[in-house]
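*Asks:* One-letter residues, chain by chain:
Protein chains: 2
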Amino acid sequence: MTAADVSRGRGRPRDPRTDQAILRAALELFTEHGHAGTSIEQIARRAGVGKLTVYRRWANKDELIAAAVESARGEIPNPGPEELADLSYAEISQVIVDALPVSARTLAEPGYRAMLAQVFGSSVTHPGVMAAFWQNHLLPRRHTAHLALSRAVEEGVLPAETDIEALIDMAVGAVVYRLLRPDPPEADELLEYLRTVYAQAGMIPRQ
Amino acid sequence: MTAADVSRGRGRPRDPRTDQAILRAALELFTEHGHAGTSIEQIARRAGVGKLTVYRRWANKDELIAAAVESARGEIPNPGPEELADLSYAEISQVIVDALPVSARTLAEPGYRAMLAQVFGSSVTHPGVMAAFWQNHLLPRRHTAHLALSRAVEEGVLPAETDIEALIDMAVGAVVYRLLRPDPPEADELLEYLRTVYAQAGMIPRQ
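Quick mapping for you: the protein sequence lines, in order, are chains F and Z.
Sequential numbering from 1 applies to the first sequence in my numbering.
Sequential numbering from 1001 applies to the second sequence in my numbering.
Fair warning: there could be bad hints in the mix.
[As the list claims (entries may be wrong)] Across the chosen pairs, the derived CB separations fall in these ranges: (1) S1071(Z) / S88(F): 47 to 55 Å; (2) D163(F) / A1059(Z): 28 to 36 Å; (3) T1018(Z) / P182(F): 24 to 32 Å; (4) G1080(Z) / N78(F): 41 to 49 Å; (5) Q20(F) / A1059(Z): 25 to 33 Å; (6) P205(F) / S1071(Z): 40 to 48 Å.
These are computed hints drawn from the structure, not numbers from a lab.
Keep in mind the model is a prediction, meaning the values are calculated, not measured.
Just so you know, even glycine gets a beta-carbon here, dropped at the ideal spot from N, CA and C.
So here's chain F without its partners, still in its complex pose (with noise of 0.2 Å):
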């Protein structure tokens, strides 16, 4: 029995067979129809579970879709802050460099585009989603960026008066205005990008 059942006042242990099926299904419906378009009850239905089922794990459908958008992303890898803090830059900007490929590979999944498109979409309408794809998805990313490119302007590979939020944004940005412009990447087509903004944004060294 998890603490979260006990928050709830329900005696049962969970399944983690029902729960996988439950984030499953409101990922496809979200990625197909965006969150006005999906319902809990839709994903009961798709899921094999009850409402209640489904109630009795997440309170509401902002929740339980930005479960779902969390649980479509574990392939991209982020080393923590900690891990890198006493690190120079050839050495974090290695780390960034060694992780690329297998962002790239998850990055230009059709469903991870489709996905974003929803959450991005979604961000005015129902800003829950997107405040949590921030808060567990970005942050995390940008202490590792802001790490880069703070030891960058520190060891004089960019200038002092670099705006470090800023050219984050940019990176971060790039990224996903080109996954969701007309003519998508292929995974090759998207690290070759990354590498090309990276670089630009002095987050890694250039080729």
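Fit chain Z to the supplied structure of chain F, relying on the hints for placement.
*Replies:* Relative to chain F, chain Z alone:
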């Protein structure tokens, strides 16, 4: 009688007020409910016209929504590349700086932000709207940015190895990303943000 009427084999002259009413209704419904949540029937009803009146003007929903999105961003200035072709980096970047306050005001409007979210949100499920937005709205602005950055490289303001296309993606991407993040900016904050990002990209000098 316009060329479009003739090509569709209709004899009656078009009333521009009807066009406006249809475009306004299409923009409102698309902004509120997205591409999938909007039908030609709903648009016609909100505009107070019959479905045939809509189909006489636009062949399908994609074309109509693209035209509606087009009509929403008339305020954002963009000098043509011809006007700028013979200017120096200082002159071109001054033109860009002068255009920023109007751009910031338009982009920061809640309605514009909501529309932008739907354009990006429908980019995978209904790529026609994004393709039109790309062609009509973004490409002409990329030409201006390209000219400014080319001059910056020629005049030694930016290093010779600058990747101009990547830098443009980064500047545009950062602005889109800033608009659709949680905690959207007011017009004056967005103006400051545009200045920071454009300066970091080298499109305008640092203040």
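*Asks:* Confirm or reject each hint.
*Replies:* Outcome of the hint check:
{"no.": "1", "hint": "S1071(Z) / S88(F): 47 to 55 Å", "verdict": "holds, 53 Å"}
{"no.": "2", "hint": "D163(F) / A1059(Z): 28 to 36 Å", "verdict": "violated, 46 Å"}
{"no.": "3", "hint": "T1018(Z) / P182(F): 24 to 32 Å", "verdict": "holds, 31 Å"}
{"no.": "4", "hint": "G1080(Z) / N78(F): 41 to 49 Å", "verdict": "holds, 43 Å"}
{"no.": "5", "hint": "Q20(F) / A1059(Z): 25 to 33 Å", "verdict": "violated, 44 Å"}
{"no.": "6", "hint": "P205(F) / S1071(Z): 40 to 48 Å", "verdict": "holds, 45 Å"}
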